[in-house]
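Keeping their order, the protein sequence lines are chains A and B.
Number 160 in my numbering belongs to position 160 of the first sequence; there are no gaps in the numbering.
Number 373 in my numbering belongs to position 373 of the second sequence; there are no gaps in the numbering.
Keep in mind that the hints are not guaranteed to be accurate.
[To be verified] Straight-line Cα separation of at most 30 Å, DSSO-like style, residue types lysine-lysine; simulated pairs: (1) A:LYS123 x A:LYS7; (2) B:LYS363 x B:LYS389; (3) B:LYS314 x A:LYS161; (4) A:LYS7 x B:LYS314; (5) A:LYS123 x B:LYS178.
[Stated by the list, open to error] Chain B residues, not near chain A, derived (Cβ > 10 Å throughout): (6) ARG2; (7) LEU74; (8) GLY136; (9) PRO215; (10) ASP303; (11) LEU307; (12) GLY311; (13) ALA312; (14) THR316; (15) GLY348.
Just so you know, these hints were derived from the structure itself, not from any lab.
The beta-carbon is built from N, C-alpha and C at its ideal position, and this holds for glycine as well.
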Amino acid sequence: MSLLSIKGLVKRYPSDSGALVDVVRIPSLLVEPGEQILLKGESGSGKSTLLNLIAGIVVADEGEITLSGENICDLSESARDAHRARSLGYVFQNFNLLNGYTSLENVELGMSFGSGVDRSYAKNLLDRVGLGNRHNYTPEQLSQGQKQRVAVARALSNRPKLVLADEPTGNLDPTNAKLSLDLIQSLCRENGAALILVSHDSGMDEKFERTLELSELNQAGLAGIGGVGA
Amino acid sequence: MRSYAIAYRGICQRRVSSLITIGAVALACSMLMLVWAFKKEAERSFAGANGGFDAVLGPRGSKLQIVLNGLYHLDESPGLMKWEDYEQIAKFPAVESAYPIAVGDNYRGYRLVGTLPEYLKNHYYADGRHFELEAGGELFSEESMLAVAGSLAARRLGIGVGDTFQPYHGLIFNENAKHEEVYTISGVLEPTGTPADRVIWIPIKGIQTMSGHNPAAATDISAVLLKFKQGANMAGFQLDMLYNKQGNRLTLAWPANRTIIQFFDKISWFDKALQAMAALVAIIAGGSILAILYNAMNERRRDIAVLRSLGARKMTVFSISLLEALGMTLAGVIAGFAVYALFGFWVGEIVQRETGVALNPFKGNAAMIWAPIGMLGIGFLSGLVPSVKAYRIEVSRNLS
C-alpha cells in the first residue's frame with residue numbers, strides 16, 4: 001500500500017477580483033514508503049500549498065489525501081494537528097527555529113506535540129547532523145547551515161513516516177546546500193521516512209528516485225499567479 | 001516540552017515588560033491587602049486596646065478627644081476637671097474602678113501620665129492580664145519621685161531602672177522647657193501591646209504639682225478612666241444622661257470602643273480612596289498584561305505558526321498564551337505577598353511607635369484570599385484576548 005495517496009485534490013483561493021481560482025488541482029499522486037521525490041516548480045506554482053495540504057495545515061476543497069491509510073481531509077483540525085505531529089516532519093526554507101530556544105530545545109519542541117520528549121534521542125539526532133558540540137547554542141549563535149541541520153533534526157524527531165522539505169537549500173550557499181541535501185536524504189533513509197522535497201534547483205534531479213514537475217502534476221495552470229502560501 | 005515550560009520561556013524572553021507587569025500586579029495586590037488588612041486590624045486593635053475601660057470622663061469637649069487623650073495617650077486634653085469630680089464618680093454604685101489621670105509633661109517626646117499606683121497594681125488592662133514589671137522593678141508610691149516606664153518608651157529612650165530624668169513641660173518636646181524635678185525610674189513594664197507601652201507613668205501628684213504648673217490647678221486632673229461592674233448594663237446610660245444630657249461641665253465618652261469605631265467610620269472615605277487607587281492599579285496591571293501579550297502576539301505570529309506546524313493544537317497555543325498571563329499574575333501575587341509582608345511590618349512598627357497599639361498585619365484576613373483571587377481573575381481576563389488571537393493565527397500565512 002502506498003504511504004501517501006492523493007486523489008482529485010483541489011484547493012482554491014480568492015483572486016484579487018474576489019472570484020475563487022484553483023491553486024492546486026492534482027488528479028493523482030502516489031508516494032511509496034521510503035521513496036524520495038523531488039518536486040520541481042517555479043515560485044507561485046502551488047508547491048508550498050501542496051505541502052501544506054499534505055501536512056493538514058491547509059484544508060482541501062475537494063479530493064482525498066490519504067497518509068498511512070488515513071484520509072486527512074476527513075479529520076477535524078485537532079486530529080490533523082495530532083496526525084501532523086505523529087506522522088510528518090517539516091523542513092522549511094527559512095528553518096523556522098524558535099529564537100531563545102537552544103538547538104536541543106528546538107528539537108525537543110518538535111517532540112513535544114508528537115511522541116513526547118526523548119532527550120537522549122534529541123541529542124543523538126543533533127550529534128548525527130554534526131551539531132554534537134552545539135546542543136546549547138541558540139539560533140542566533142548558529143550559521144545558516146547549522147540552523148538548517150537543527151531544522152532537519154527537528155523534522156525527524158518524531159520518527160515520521162514522511163518528511164516534507166520546502167526549498168530546504170534555498171538559503172544556503174552551494175557547498176552547504178549539497179551537504180544539507182545529502183544529510184536530509186541519508187537521514188530519511190536511515191529512519192525509513194519517505195521524502196518530498198520541493199525545489200526549483202535543476203541540479204538535484206539525479207539525486208532522487210523520482211522527479212516531478214509541478215507544472216505537469218498541478219493542472220490548476222496558475223503558475224505565476226501566486227496563491228496564498230504558494 | 002510542556003505548555004507551562006513554553007509559557008515560562010515566553011515570560012522570560014520579554015524580561016523587562018514581564019517584570020514591569022509583575023511589579024504592577026504585586027503593587028495592586030499588596031495595596032488591596034494592606035488597605036483592607038490595616039483597616040480591619042486597626043479597628044480591631046484600637047477597639048481592643050481600650051485598656052480594659054468602659055468609659056472615660058473628661059472635661060466638656062469632644063468624646064473622641066477625651067478617648068484619644070485618656071486611653072490612647074494621643075491628642076491633648078480638652079481641659080481640666082476637678083478632683084472632686086473623680087471622687088464623685090468613683091462612688092457611683094455601678095463603677096467598679098475609677099482611676100484619675102493627669103497629663104501635661106513629657107520626657108523627650110514621650111508623654112508623662114500621672115495616676116494612682118493602684119492603676120498599675122490592680123487594673124486588668126485586658127482579660128485576665130495585669131500590668132507586670134520587668135524583673136527588679138517596683139511601682140511608685142503616691143508621694144514618691146519615682147517613675148515606671150512603658151516598655152516601648154524605655155526601649156526607645158534607652159532608660160532603665162535606676163536612671164534619672166527631668167521632665168519637660170508640655171506634650172511636645174521642647175528642650176528649653178525643662179522642669180526642675182528629677183525622677184528616678186523604679187521599674188519598666190512588660191510589653192502589653194497597648195498605648196500604656198509608650199508613656200512614662202508617675203504619681204498623679206507629680207504632674208499636678210510640677211514646678212511651673214499653675215498652683216491653682218494643683219488638684220485638677222485631665223480625665224477619669226472608668227470600669228463598670230459586671231452586669232451593670234444601665235450604668236453607661238445613667239451616667240450618659242447625668243453628664244452629657246443634664247450636665248454641661250463634663251463629658252462622658254461611653255462606650256469607649258464605640259467612640260473609636262465611630263472615628264474609623266468617619267475616616268472610611270480615606271480607606272475607600274485607597275481601595276479605589278488599588279483597584280485602579282489592578283486595572284492598570286490587567287491592561288498591562290493585555291497590552292504586553294497582545295503586542296507580543298504580533299511579534300510571535302511566526303513562532304505560534306511554527307508551533308502549530310509542529311503539531312501544536314489551537315487549544316495548546318491558546319493555553320500557552322493564557323498560562324503566560326496567569327504566570328505573570330501569579331508571580332505578581334507572590335511578590336505582592338512579599339511587598340505586603342515588608343510594608344505590613346514597617347507600617348505596624350510605625351503604628352506601634354506612634355500609638356503603642358500593636359497591629360498584627362500577618363493575622364489572616366479575607367483580603368488575603370479575595371485580593372489574590374481577584375488579581376488572578378483580572379490576569380485571566382486580560383490573557384483571554386491575546387490567547388484568542390493566538391488561537392486564530394493562520395498557520396500558512398505566518399510560516400515563512
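Status of the hints after comparison with the structure:
Under the criterion of a C-alpha separation no larger than 30 Å, the hint pairing LYS123 (chain A) with LYS7 (chain A) is inconsistent with the structure, at around 39 Å. Among the hinted pairs, LYS363 (chain B) with LYS389 (chain B) is inconsistent with the structure: their alpha-carbon atoms are about 42 Å apart, more than 30 Å. Between the alpha carbons of LYS314 (chain B) and LYS161 (chain A) the distance comes to roughly 24 Å, so the proposed pair stays at or under 30 Å and holds. With a C-alpha separation of about 28 Å, the suggested pairing of LYS7 (chain A) with LYS314 (chain B) holds against the 30 Å cut-off.
For the hint pairing LYS123 (chain A) with LYS178 (chain B), the CA-to-CA distance comes to about 83 Å; that exceeds 30 Å, so the pair is violated. For ARG2 (chain B), the requirement that its beta carbon stay farther than 10 Å from each beta carbon of chain A is not met, with the minimum near 7 Å. Taking the minimum C-beta to C-beta distance to chain A, about 58 Å, the non-interface status of LEU74 (chain B) holds against the 10 Å cut. For GLY136 (chain B), the condition that its CB be more than 10 Å from all CB atoms of chain A holds, with the nearest at approximately 67 Å.
The non-interface label for PRO215 (chain B) is consistent with chain A: the shortest C-beta to C-beta separation is roughly 84 Å, beyond 10 Å. For ASP303 (chain B), the requirement that its beta carbon stay farther than 10 Å from each beta carbon of chain A is not met, with the minimum near 6 Å. Not every CB of chain A is more than 10 Å from the CB of LEU307 (chain B) (nearest about 7 Å), against its label as outside the interface. For GLY311 (chain B), the condition that its CB be more than 10 Å from all CB atoms of chain A is violated, with the nearest at approximately 2 Å.
A Cβ of chain A approaches the Cβ of ALA312 (chain B) within 10 Å, the least distance being about 5 Å, so the stated non-interface status is violated. Separation of THR316 (chain B) from chain A is inadequate, the least Cβ-Cβ distance of about 7 Å not exceeding the 10 Å criterion. For GLY348 (chain B), the requirement that its beta carbon stay farther than 10 Å from each beta carbon of chain A is met, with the minimum near 43 Å.
Comparing the model with each numbered hint stated earlier shows that hints 1, 2, 5, 6, 10, 11, 12, 13, 14 do not hold.
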